[in-house]
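Enquirer: Chain by chain, the residues run as shown.
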Amino acid sequence: MDSIQIQQDNQFINDLESAFHDESDLTNWKLFRMAYQAANVTKRPSFRGLQALEYLPHLDFLDHQLQAAEQVIETMHGRAILADEVGLGKTIEAGLVLKEYMVRGLVKKALILVPASLVNQWEKELNDKFLIPAIAHRKNYSWEDNPIIISSIDSAKRSPHREAILDLDYDFILVDEAHKLKNEQTKNYQFVQGLKKKYCLLLTATPVQNKLLELFNLVSLLKPGHLGNYKSFTEKYGKNRKKMEQDPYLKKLVQQVMVRNTRKDTSLNNSKRKIHTIWTSLPDSYEKVYQQLMALSFGMASFAKITYLREFCSSREACFTSLVKLGAHENAAAIQEIVENIEQLEQHPKAEKLVEQIKSLDGEKVIVFTEYRATQYYLQWYLQQHGISSVPFRGGFKRGKKDWMKQLFKDHAQVLIATEAGGEGINLQFCHHLINYDLPWNPMRLEQRIGRIHRFGQESDVHIYNLVTKQTIEEHILSMLYEKIDLFENVIGHLDAILAELKVGSMEKEIESIYQESTSAGEVRIKLDNLTSVINQTNMEYDREEQYKDGTAH
Amino acid sequence: MEQHIDLSDFLTNYFETKQCTILSREQGQIHIQLTEEMDKELMNRPFYWHYIKKIGREGEPQTLRLITDKEKTNEPGEWIHFGSPRLHQIINKLIEKERYTRLFEQVRTSENTPLYPWLVVNIKISYLGVQHKDEIFSVGLQLLHGHMTSNMMDFLENMTLDRSISDYCYTLTPMITPKSGFLRIQNLLRQHVQNQDNAWAVTSIKQLETEKATLKHFYEDELDHPRYLEELEALEKRFKPRITFQVINGGIFYLTASSN
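For the record, the sequence lines run as chains H and G. To convert, count from 1 in the first sequence and add 147; that's our numbering. To convert, count from 1 in the second sequence and add 716; that's our numbering.
No wet-lab data here; the hints were simulated from the structure. Do not rely on the hints blindly, as some may be mistaken.
In silico lysine-lysine, DSS-like type, Cα no more than 27 Å apart, as pairs [stated by the list, open to error]: (1) H/K383 x G/K849; (2) H/K256 x H/K329; (3) G/K840 x G/K956; (4) H/K177 x G/K895; (5) G/K953 x H/K255; (6) H/K256 x G/K895; (7) G/K849 x H/K256; (8) H/K398 x H/K327; (9) H/K255 x G/K956; (10) H/K255 x G/K895; (11) G/K895 x H/K545; (12) H/K276 x G/K928.
Far from chain H, by Cβ distances over 12 Å, these chain G residues were calculated [claimed, not checked]: (13) R741; (14) Q745; (15) L758; (16) G775; (17) S882; (18) V918; (19) T930; (20) D940; (21) E947; (22) A973.
A virtual CB, placed ideally from N, CA and C, is assigned to each residue, including glycine.
Build out the structure end to end from the sequences listed, making use of the hints.
Expert: Spelled out as structure tokens, the structure:
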């Protein structure tokens, strides 16, 4: 203990004595007590654990997110690469780390460098979720006076910003999409390297572990020397070796600075997903309207048509609402006719199937997901008509209402009807059945839905039922997309890596544009086919790689 | 000791005690008319005050609208919460300004009553290294007989204390000077620190050495590289174990015999 420097506060007592000479330096009991309280609130009570959680009661973190943040702070000491797969919440982990350091008073000045297109999203996320008053940099904002700034790297590295930034001492630097910093010759790299920083997070979703020199460059930003210097590194590993996995020692070194959660690690293996498809078909009256909607498209963007078709497969109400909203367009007469036809329709075939399915569960709890608010209302009414109790749930509910609904569902209702799974939703592990009343086109959203019940700590198998209408766009999506690439069980873990490799930005957009740019159903089929087979092939490569890894890494 | 505070109460209290007017206080929102002094403290506009003074006019202190309820943040005003710069500014001001005091226990009496002098010191001990934690002690030392007690603030909590002495009361002169009293308190806390498990420091030193060696290896041939020196400094900041004593505040309290 002798070697540790103890810095005492010897000055205090002298200052106190001189304060007695001037009454105005003395404070009253109320303020004296408040200062003491303030010090108590901001103190850090123990070496371990995240203090920020107390300040973020409205957020519900997943276990791997908490572990990641703890690992970054406690074993990586605030310098790390966060390389989770897309959708597992890197932003959440990074926000939590930043918040923690701020709560402890260790970070006052931070710079957050993200792609220009994500600046606003980061601003919103940090402010809304983490209560971190970060601002997006705008013209003439002072780099010095604003404590937490979000900026694109491209504008930050330009003069005169560059000089102003490099002049400052930052407590915390975050770089999103950090795989773009792989080349040490680039201006971006040199800029980030030149920043004066205490803590530093690099976020990337693209697996960097397969390109060794790029990995070396990234790690050298965080911890120069951790992988040796350029000379020793290239001597040891060569310039062209590709796989980190081939070298267990290197892998271990990298793991000391990198957190990488994959879906595979995060979902528990001892409980399984059982996927069931429940088919229905449109009765004639419905079929007639469906065909009318199909015919409607002329003059309208074809994607809009697809939206109506999807809505129609979900409920009369969903389609009705948005058709009416269309109002007096050029197709007004045609739309009016469809609207009138919709009004004549009997109960939706899928709703009937839904009741059947719920009744077959013998009172077991079930969550029903739909994409549409109108469908949610309709189903709630329809279930009630059949003596089934349900509660609604939406992402937009306030925290208190969410908890209340969850409690109602747990204690009183058999069914929870939800429109949105996303974000800081709630944990519904006590439920083992999930019905996709309609399927989202974004597989990540599907994963989030399932994640409500299939997550850490779930011990029972979970049953996923997909309600699909034959010979409609729903069947198309199910067979073209979900089944072919085995999305429910298999591919999702690699999906982001695959999409990145294929340079596909978002699955949903890709499918939209396929529909939009195709002139016939046949063309759609061929394009979707191509997409799925490319995905499948890339997935197989990943699988092979993983088997190889499992065989050698340990 | 875990302490939670109600932010809304805390802020209202603070601004009231600082002589500011609370214009309104509804659920989750406080609207405050600042005094000139508080405007200068909090609003960070020295040029305005400088200018106003130059032209010999009365300045107009600003009002401050604080929102403590997250649900209300779409309304005009400044959202205040843990981690927000404004709250930290206020907390820092409190800790910076409300440091010294001299207080008297209030007694209703018609007899001559002696008050005993106590030195009260609230002190934060921080253990800084790879990991970090704080301890806060509130120590009271009676300056007549040298009786010492911890949790002094809890003890004072139930008393009425004021800047002026009650009628018929008189203060006793300390036998122990505040200076040597303070020394006693610091020594006691030093002893406490030395009795602590120092594993955290050992880990920190080890970590620092490893990190330094790693860094050195990277800059092998250019150990005078400015970035090497910067990184080295950053390492010391993050890892070098040290303990700091920081007095939060303190003062002399005159208390009745019954409190001894």
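Enquirer: Compare the structure with the hints numbered earlier in the document and write down the numbers of the violated ones, lowest to highest.
Expert: 1, 6, 10, 11, 12, 18, 19, 21
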